[in-house]
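Peer 1: Read off the chains here:
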Amino acid sequence: MAEIDPITPPPPKQRRALLVMKDVSKVFSSGTVALTDMSLTVNGGEFVSLLGPSGCGKSTALRIIAGLGDTTSGTIDWPSSRINSKGLPDGDISFVFQEPTLMPWATVFGNVYLPLKLRGISKAAARADILAALDSVGLKDFVDAYPRELSGGMKMRVSIARALVTKPRLLLMDEPFAALDEITRQKLNDDVLRLWRETGITVIFVTHSVFESAYLSNRIIVMKARPGRVHDDFPLVTSAERGLQYRTSEEYRATCDKVSRSLIEAIGFPLADGMELH
Amino acid sequence: MSTLTPVSPTPVSRSGPSFASIYGETLLKILVPILVVCTLLVIWQVGVWVSGVPQYILPGPIAIAGALIKDWGTLSPALWVTTKITLMSLGLALLGGVGIAVALVQSKWIEIAFYPITVILQVTPIVAIAPLILIYSPSTQVALLICAFLVAFFPILSNMVQGLKSVDHNLLNLFDLYGASRWQTLLYLKLPASLPYFMTGLRIGGGLALIAAVVAEFAAGSAGAGSGLAFRLLEAQFRLNIPRLFAALFLLSCLGVVIFAITSFISWLALHRWHESSLKREN
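Residue numbers (numbering that gives the first Met the number 0), protein chains in the order written: chain A, 0 to 277; chain B, 0 to 282.
These are calculated hints, taken from the structure and not from any lab test.
Be a bit skeptical, because a hint or two may be false.
Claimed, not checked - When the alpha-carbon atoms are kept at most 20 Å apart in a straight line, the in silico EDC-like pairs for lysine to aspartate or glutamate are as follows:
id	chain 1	residue 1	chain 2	residue 2
1	A	Lys122	A	Asp134
2	A	Lys166	B	Asp175
3	A	Lys116	B	Asp175
Claimed, not checked - Pulled from the structure, derived: some chain A residues nowhere near chain B, Cβ distances all over 10 Å:
id	residue
4	Gly30
5	Pro103
6	Asp134
7	Pro146
8	Glu174
Source: prediction; values computed, not measured.
Even glycine gets a Cβ: it sits at the ideal position worked out from N, Cα and C.
Start from the sequences, fold in the hints, and give me the full structure.
Peer 2: Given below as structure tokens:
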């Protein structure tokens, strides 16, 4: 689980482990065991999906990685980052929530400016970075719009631009497109893939969609519920560029099939021989 | 896979309805109520003429207007006093309400400790403590100010506490994630997020400050040069100068309307770009 995956070697400069979780457990104050002994090493440049049924602790794991909430036991290490006083890599993490989580009283510009504003960077100095981030998600023309004027997909793009504006090394995404319609979701999936390729950022993507994880990731971690734990961890390689062609290819179908089987094992459904997966 | 729902990606209208249609509707919105009020005034005047009710029981609008002009020298200083007390108490209530709300939400224990006191202050009828306040304050004016403050303060406080507590948890997480300080979280997140609640408190508090300023003056029974409209109202009643009583009443409701208009306008200014309450629904 912890080895560097030999099939999809990441670019050489990013081969060092970015994040090392060791035996991380989380028990909520209610006594619910959200996560038991999760160990995970994420290398620079990977696109990792955490896939599993609800209650498997995938969102909890993501929040713990982000430093939102403590671990009950276990350690999280950032071997290649500068650590700040909170034990988090300094400015290296960004988070995209399930909802766009925008400030309704601020314009698109103001929302994307937020992380830089909190660091004390002036608006003038931040302007170029903000416009570049908005440009990368195709929202350059909506700088002065308010969130209520945008569609759900556009709000999510603003949220992604805000996450990217700090130029983080690790992007954490918590079921970011679950509330969007299929077409918008596919488009945003392609955008995220493009940004991932262009920036070399590392992504940890929480989802409960087999198809989404199979499309996006180059590594899938299937999780099991009650208590939350890792069930399976395998790399994904594709020969073709991921895009419209790939979505209808036999290769993608086979990948989905493989991921589905693993997920069904994790959920614990008995699957009779010859039964089809949907 | 789930069904595909075709949705156009970016249907965004940023221009709103045309100027002419807004203008026309606004004009109607102003004209219709004015017409209704004028009609009622005419009915009132005609009723007084026809029935021959004596002026010391029910004066007509013309007599009231006459009293307003004739007694302007007495009424205008009183109007100024009442306006001053109302606005000053509202200002103090805003400062106090917001300040204490911010302090209350800083820690659970501060809130547990002090919230009951603010509730007791609120539920105690202000007229009942007015005599006490009168004893302890250096002058009647200060007593009136304190009464009006106590009444206006609470809705602002409770709305503000509610607003500061109803900040989106994900946004709070986001601020944590980016290492925002307490001060930054308050300034950039909690205060803007509670703006709609503050505006509700402001509108309620503005109305209540005027009511309290009048009620407190009734209770205080102040007299002489420095008195407000409430005293002039009582005085006119004692002298059976009913047109002047109506004139004082008219000025009080004018003041109330102006305060309401100003607070509503401030609220609109602050919220119309982003808050649902200030948006026109179009389906």
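Peer 1: For the pair supplied as a hint, A:Lys166 and B:Asp175, confirm whether the alpha-carbon distance does not exceed 20 Å.
Peer 2: Given that 20 Å is the threshold and the Cα spacing comes to 18 Å, the pair holds.
Peer 1: Compute the least Cβ-Cβ separation between A:Asp134 and chain B, then decide whether it is above 10 Å.
Peer 2: holds (16 Å)
Peer 1: Just double-check A:Pro146 for me: nearest Cβ-Cβ distance to chain B has to come out over 10 Å.
Peer 2: violated (7 Å)
Peer 1: Taking C-beta pairs only, is A:Gly30 more than 10 Å away from all of chain B?
Peer 2: holds (22 Å)
Peer 1: Quick one: work out the minimum CB distance from A:Glu174 to chain B and report holds if it exceeds 10 Å, violated otherwise.
Peer 2: holds (12 Å)
Peer 1: Checking one constraint from the list: CA of A:Lys122 to CA of A:Asp134, max 20 Å. Satisfied?
Peer 2: Cα-Cα ~17 Å, so holds.
Peer 1: Hint check: A:Lys116 vs B:Asp175, CA-CA at most 20 Å. Holds or violated?
Peer 2: holds (14 Å)
Peer 1: Are all C-beta atoms of chain B more than 10 Å from that of A:Pro103?
Peer 2: violated (5 Å)
When the structure is compared with the earlier hints, violations turn up for hints 5 and 7 and for no others.
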